[in-house]
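Asks: Each chain, written out:
2 protein chains.
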Amino acid sequence: MKILAVKGTRDFYPPQMAVRNWIADGWKAASRRSGFEEFDGPIFEYLQMYQIKSGDEIVEQLFHLTDRGGRDLAIRPEITPTLARMVNQQISALPRPIKWFSIPRLCRAERPQKGRLREFFQWNIDIIGEESIVADAEVIFCTIDYLRSTGLTPKDVVAKISSRKLLAALLKNLGIAEDKLPVLYPILDKKSKIPAEAFEEILKKEIPDAATVNTILKLMDLHSTDKIASLVNLNEDAKMALAQLQELFKTLDAMGVGDYCRFDMSIVRGLAYYTGMVFEIHDAVGDLRAVCGGGRYDNLLKDFGGPAMTAVGMGMGDCVLEILLRERGILKDDTLPTKTLDYFIAVADTTLAPKAVELAAQIRLAGLSCEFSYKSAALGKQLKQASAFNARKTIILGQELTSANQLVVKDMTVGTQTKVDESQFLADLQKTPDGADDTHKKG
Amino acid sequence: MKILAVKGTRDFYPPQMAVRNWIADGWKAASRRSGFEEFDGPIFEYLQMYQIKSGDEIVEQLFHLTDRGGRDLAIRPEITPTLARMVNQQISALPRPIKWFSIPRLCRAERPQKGRLREFFQWNIDIIGEESIVADAEVIFCTIDYLRSTGLTPKDVVAKISSRKLLAALLKNLGIAEDKLPVLYPILDKKSKIPAEAFEEILKKEIPDAATVNTILKLMDLHSTDKIASLVNLNEDAKMALAQLQELFKTLDAMGVGDYCRFDMSIVRGLAYYTGMVFEIHDAVGDLRAVCGGGRYDNLLKDFGGPAMTAVGMGMGDCVLEILLRERGILKDDTLPTKTLDYFIAVADTTLAPKAVELAAQIRLAGLSCEFSYKSAALGKQLKQASAFNARKTIILGQELTSANQLVVKDMTVGTQTKVDESQFLADLQKTPDGADDTHKKG
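Residue numbers (the working numbering), protein chains in the order written: chain A, 660 to 1102; chain B, 660 to 1102.
Simulated from the structure, these hints should not be mistaken for lab results.
Keep in mind that the hints are not guaranteed to be accurate.
As the list claims (entries may be wrong) - In the SDA-like style, the derived pairs of lysine to any residue whose C-alpha atoms are separated by at most 25 Å in a straight line are:
no., chain 1, residue 1, chain 2, residue 2
1, A, 687, A, 961
2, B, 852, B, 768
3, A, 1043, B, 753
4, A, 666, B, 998
5, B, 909, A, 752
6, B, 1043, A, 888
7, B, 1040, A, 1034
8, B, 998, A, 750
9, B, 814, A, 1024
10, A, 712, B, 661
11, B, 819, A, 1017
12, B, 877, B, 768
13, A, 773, A, 915
14, A, 961, B, 669
15, A, 1034, B, 903
16, B, 909, A, 1043
17, B, 712, A, 668
18, B, 687, A, 764
19, A, 991, A, 752
20, B, 687, A, 1008
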């Protein structure tokens, strides 16, 4: 019976797993550099949780099920609702600001396409309980710090930043009613995703006045905060939001990542829940989907039964990122080893095979990695296997061992061979050598 | 609207996440010491896949769903079927033996109880395509190597090892028909889980002859392979299986883990798919469920539409393990930090707050971790925060900076303070210092 994987999911064979780990390790390292602590929740939650944040339309985009107890559950499509639930549960015990990151596995019942799969991993960072612009800057900085660490430069990626608060104030000044905004945001968010004519068409349907539409179109094209005042009169709210945004850019400059950042009024984000700064990072030259997006959201904790508390966060999926890293030549198929060894043990004399098993075990128990060939094979073939496994050193068991209790140790990088007394080698193993993996000693 | 987590799942707040990571890091390190390569599959597969391996009864133990396309899917309750599917798909391209490990998130729709949750993580190691006893020894060794690395000794855990092949040959010699074996295995597997009388009762129902039942009961109590021949005549199959088992114990002795290992005929494993060596590791003194279990299985790849190929593997869940590690005092609530920092920046003069943001960014961009206080606070309070974050060093920005461009660097371990020219500090940052996280430079 031949069974296949479900469409839109991925099998991670060791080479693909090495790429996934490399991406996740980079995310973790960047998170920790900026002081974020890791959390995670369950892979499924009550279906209702996602309806609260995204409305009933979300249901058909979810993998949902009813368990034996009759509970309606869903595999998580995002982790932000879980974050809100968890923070609310311990709200009085958690020191603030809460700076958490997570790398959840997420599932969405969408039609698989380029950069969008049914199962994926998403880096999330969130700062909860800090309203100053420094928190906005920290989230954008940490995101850029990761991208920079992979080798992506301002020529490759651009962080497009705007403010929902500013946009709301400007639209209000243009005579648009506040209750119209939730309808308008998803439309404005489509600007870069659809042809200009189509965008204008949709906008005209919502806003009858041609002059207003014209001003909005001009606003959407702005890449400098200085020019806003020439298009719309700034009321107090707009002035305050603009000052905050300018302060944010100043901070990002001071943090050394200003050359990645750009004001872009057309960044709106579709979701209703953003309330302040919004940003997306895009491929600077290609036409990929956004690499990541985020912003400030003030109402989510309250919507989940908690107190009113401000938050700012970012989510970056692995699919578009991996495509971009491959397009830029940063990620190549053969750059990441699936296995590296401290030692490989080769046997020049088959009667010494049991000795190889014994010595490998001693090396491993000392905290180093080691392998040997399960089958007897010519020495040359065993050395090839050692190379394929990226062994740093190969120990050759042969007549030196039987006649003089010596191991022949071959350095696989430079190719030199040295003889070492077995007893000395074993004694040296006990002094935790450089490069030994001692994660297990932490507890 | 207050929403709860689903019963039987866990929320991993940073302290719980630190424990989960510590366990997983230990599993990964042990796997890599023994040369296993990491793989993973999707969180859901076709429901049918689990029915092939475990029969239709498995369905009600699964979280299963029908997607919009009408496909019957299930959240994976184990990863072995995925392993079989993946290996079959690339069978001609994969070099053998295949030595893979994985740490899948798994879900089972069971009633939650001590050591058994609806969602858990399970370490899996498998060697496919190697029939020699060395592969059996490697799997058991790697498992023990991990447990030993946490600090568990032979006084804490015992690996109980037996052989399905041996058991089958002995039962055959006792006059039990081969087609009776699949019924008998799950019964014999219950021996240590139910009272002796109840076990005897069930056994008598299946085997009418009292003398045979008596011999089986004696066999089940054996802890030495030497005594088998005094209970049952050994046919050729039994002799061969016994010789293999004795060779396995000899190998485990030579590998230095013999004192963890013990022959135990009552280890049978319930699942039908084991065909050779079987083992379980148990808490040596308490009455916890098995910490892990495994064995040799020869037919799984074939059952999934692939070639006949032998395999040996092991699975260890995180729930029982964590209970055991806590009972032994190896894992304590306060041993694992949720955050460590290379630097914390404290501000003695609030006008220097923007400087803290700037300097923190420079430190992070150089690959080190750094934080600062978002709110202005007394210096003492900031230093307390630095301690709470496990900062190795705290940089104090004060009058030394304004008057002489100097940073005050406090070593948080020994408490000493030194003054460093800011320019010198920044120049030193560029030489990747010891302890810098450079995972991001691997690509």
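Asks: Does each hint fit the structure? Answer for all of them.
Replies: Here is what the structure says about each hint:
| no. | hint | result |
| --- | --- | --- |
| 1 | 687(A) to 961(A) | violated, 29 Å |
| 2 | 852(B) to 768(B) | holds, 21 Å |
| 3 | 1043(A) to 753(B) | holds, 16 Å |
| 4 | 666(A) to 998(B) | violated, 39 Å |
| 5 | 909(B) to 752(A) | violated, 54 Å |
| 6 | 1043(B) to 888(A) | violated, 46 Å |
| 7 | 1040(B) to 1034(A) | violated, 63 Å |
| 8 | 998(B) to 750(A) | holds, 19 Å |
| 9 | 814(B) to 1024(A) | holds, 18 Å |
| 10 | 712(A) to 661(B) | holds, 13 Å |
| 11 | 819(B) to 1017(A) | holds, 21 Å |
| 12 | 877(B) to 768(B) | violated, 37 Å |
| 13 | 773(A) to 915(A) | violated, 33 Å |
| 14 | 961(A) to 669(B) | holds, 23 Å |
| 15 | 1034(A) to 903(B) | holds, 17 Å |
| 16 | 909(B) to 1043(A) | violated, 30 Å |
| 17 | 712(B) to 668(A) | holds, 21 Å |
| 18 | 687(B) to 764(A) | holds, 19 Å |
| 19 | 991(A) to 752(A) | violated, 45 Å |
| 20 | 687(B) to 1008(A) | violated, 32 Å |
Comparing the model with each numbered hint stated earlier shows that hints 1, 4, 5, 6, 7, 12, 13, 16, 19 and 20 do not hold.
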